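Kindly generate the complete structure, drawing on both the sequences and the hints.
If you want the building blocks of each chain, they are given just below.
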Amino acid sequence: MRSRYLQTAFAGLACVLLASCGSESSRSNEALGIFKGALRPSRTAPQDPQQVAASAQAALASTNAPLVLVSISERNVSSVMQQIETNGAYRTYGTGDRRSITFKGGMMTASRGLGEDLMSSDVDGVLALVSARKAGRVQRVHRYLDGENTITALEATCEVTPGAMGQVSVDTGQRATQNVTETCRAVHTEFQNTYMVDRGTGHILQSRQWHSPMNGYISVQTLRP
Amino acid sequence: MGSGTRKALALALIVCGPSGVFANDLTTTVTNNFGTPGGLVDMPTAEMAPDAQLSTTVSYFDGTTKTTLSFQVLPWLSTSFRYSAIKGLVAEPGRPPISTFYDRSFDLKFRLLKETDLRPSLSVGLRDFVGTGLFGGEYIVASKSIGDRLRVTGGLGWGRLGSYGSFGSTGTRKTNLLGEGGIPNYDRWFRGDVAPFAGASFAVTDRLNVKLEYSSDGYDREVTDGIIRHRSPFNFGADYKLGENFRLNAFYLHGDEVGVNLTASINLREPAVKGGIETAPLPVALRAPAARSDLGWTADDTRKANVRSAVEAGLNNDGLALHGMSLQGQSAHVMIRNARFDMNPQAVGRTARLLSRTLPASVEVMTITQVVEGVPTSSVTLRRSDLERLENAPASEILAAAQFNDALAVGQPVQLSEDPFSRFSWSLGPFLRFSVFDPENPVRLNAGVQLKGDYRIAPGWVASASVSQTLLGNLDQVRLPQPSGLPRVRSNVALYSRTNDPTVDYLTLSKYGRLGRDFYTRGTVGYLEKMYAGASAEVLWKPVSSRLGLGAEVNYVRPRDFDQLFGLRSRTGPGGTIPEFNGHASVYYDFGNGFHAQLDGGRYLAGDWGSTLSIDREYANGWKVGVFATKTDVSSATFGEGSFDKGIRIQVPIAWGIGKPSKTTSNTVIRSLSRDGGARLEVNGRLYESIRNTHQPEMAKTWGKFWR
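Protein sequences, first through last, are from chains A and B.
With the numbering used here, letter number 132 in the first sequence gets 132, and the count goes up by one each step, no holes.
With the numbering used here, letter number 374 in the second sequence gets 374, and the count goes up by one each step, no holes.
Worth flagging that the hints you see were computed from the coordinates, not collected in a lab.
One should not assume that every hint holds.
Pair by pair, the computed Cβ-Cβ distance ranges are [unchecked claim]:
| # | chain 1 | residue 1 | chain 2 | residue 2 | range |
| --- | --- | --- | --- | --- | --- |
| 1 | B | D294 | A | L60 | 32 to 42 Å |
| 2 | A | A135 | B | R649 | 52 to 62 Å |
| 3 | A | T86 | B | L507 | 50 to 60 Å |
| 4 | B | A629 | A | T152 | 29 to 39 Å |
Since we're looking at a predicted model, the values are computed, not measured.
C-beta atoms are modelled at their ideal positions from N, C-alpha and C, and glycine is treated no differently.
Spelled out as structure tokens, the structure:
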């Protein structure tokens, strides 16, 4: 955890000295259409398992859209996200407070509004191995905005290893799965993603995927595929 | 500031994870007694601060206070500006007695060789190389890390750094001042006695370092004047990291004095949150292939009106405004005003995705034009199918597919929004004005409240006003310098700070326009600034994809009454008559490697002719740290202390600190005392900075924000 005294002080100063008040700052920031449609009670609530289960149930009852339950342990938040848009194989899930994550076959490829967002990524090689539940070594690329707002790429070499068989329950019932582990090494980082892959469809139903240095791992559970 | 921002900030503070520890190339965030990067006490090292590190160090020992701003311009170039106050110095013969000696100094350090496994890092540096040179000294220094915790340093010093234990000399060191000070003392550098110095620092823990040095600084002047006793050439010190941004340093000098310093530092490349934590954009919506050929809607006016209002509402949700729009069967042209996003690609990217969700499916070509002060400045044309195809691809691909054009070249006239101009914006907040380097008082300031407003009357027409009320301060006590032979155009600024009533800071009517492709114009009349009223006309040539801009400005001015209400005063005063006309021709050039230069040449307020060169180190996130210098045909003697006008300017993007988009910046200029030579009129809304961010070279730098 990095302390940021100066930036706090700086922001405080910005409030007092610079932002002040005025017509520009009084604009509302209402969620627009598509996000409005996304589920409301999706805040950054603390991770009380019972509450999480209850909000997942409520979400399943309130919509027919595909749903995932997402938790960021580093920030102790979890949220139900609803599919709001698709672009080919990419599916974007959003929350009512306008945060979104994009998945391809259940593998995270992008995020918006989480901080140090994954702007885009190249995961096709990894995804092919993981959904086929095959061992192998492949490259994965994550792209982020750096401190200057320019794009920086994180290139990792990843080892994919299939593991034990298991079962995952989604809204339509139990699905047979196999665990797959992906161990990645980049120049300054190491991370390990774990997946539970549907043996029938090759889709990732549950996973723990590394997002960024700032957010660490994101756990994703499919509520409704 | 809304609760959203506070929440964002809290989130930002909570979620800042560990940053990677990278190979450090012998960098340090420790600063020494002189406030420059280095792990020893008084002696320099070959260490550099991390690139883009900006630190302020306040250093104190027995009556001597040094405040130093250090900035790592490039990985191999460290620069420092220092303001020192020394009690107890005895004035040189022939100079008036002093109780506290105030002095400004500049340092430079260049790294010549990087450290390798076997070779030490090698740097060369100049200390206090401009002006009186009280701390003046030069050095060549090598430093080597041994293991993770120990760093050893050895070097040779000249000047002050060659004043103890010298073993030889290289020529004679001059002592005369060049000009009226303020000019590099190049005739002294690396001349005179040369002496060795050495030191070592050891990291006891991750937070605590201890250090020992053999100093080649004899503190001759301070010893003579009885400020310090030089009992030993050895200095000791320890520094402790209080937090990510703060360090406390204590040291024991020459067996006689104990001193402390406190350093606050930030890195301009480390914002509150990388990439920002603003909310997500709308995703791109794909069209059904069959719908693409459906042009039925073109005859349906209701449908068109609905599209337009959906675009308008969507833009408003993102802090953007629809200026005008045209919709044809296969193409659309949308003009936007951006009040929120400091990174313009984000404004364009969000607009493009909104259009993918709102425009009829047959529209394939989308042109988004940014409008600044009612004037279209740059157009980005995108194929909608590229947008659909590249949403999940690297941002460089959509940049390659985007076409930048001068807005006048687009040739698809838009239907302006019903209410595109009559927009009133205002702000109320505190203000702080300050004056530094007054020999009698290092910092003077006025503080109060300021109410500002802009009213847009018609396309390109803006009425602007600002009223402020000083609540406290001592700017009125800034002493009037001796007559210089020039009319008093700036040196009487104190007279403008004496009123306790509200003042009109400016009250202007401006017209922005386009002369044609690549040409922009501005005309401003009214009370232009605190001290002058009149008229200002400017023209700028700046092609949308060019890194070069050329401008010209002519001003007609009359001095305002000291109460800064509506009266004017006579142009003629003790020093002469203030000319009615002044103006400049300007060249702007973005080198594209983080450096930007501006050269202005022309006639200044006092009628003197000359030029100003400004060099800025610019970061794509909006930080700018620059220096400027003005030399006019006024002689050094006439200009007075400092010889010519020069200073440092810093622009802070508020978005960097709060982690959310904001167009607000804080601008600080640190300059010598207000003098009459080389003074320029201050007029708001100069063209280059107003339009530059919307042009291709600037937008390409942060194009990654297109998809954010």
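* Looking at the structure, which of the earlier hints fail to hold? -> Of the numbered hints, all hold.
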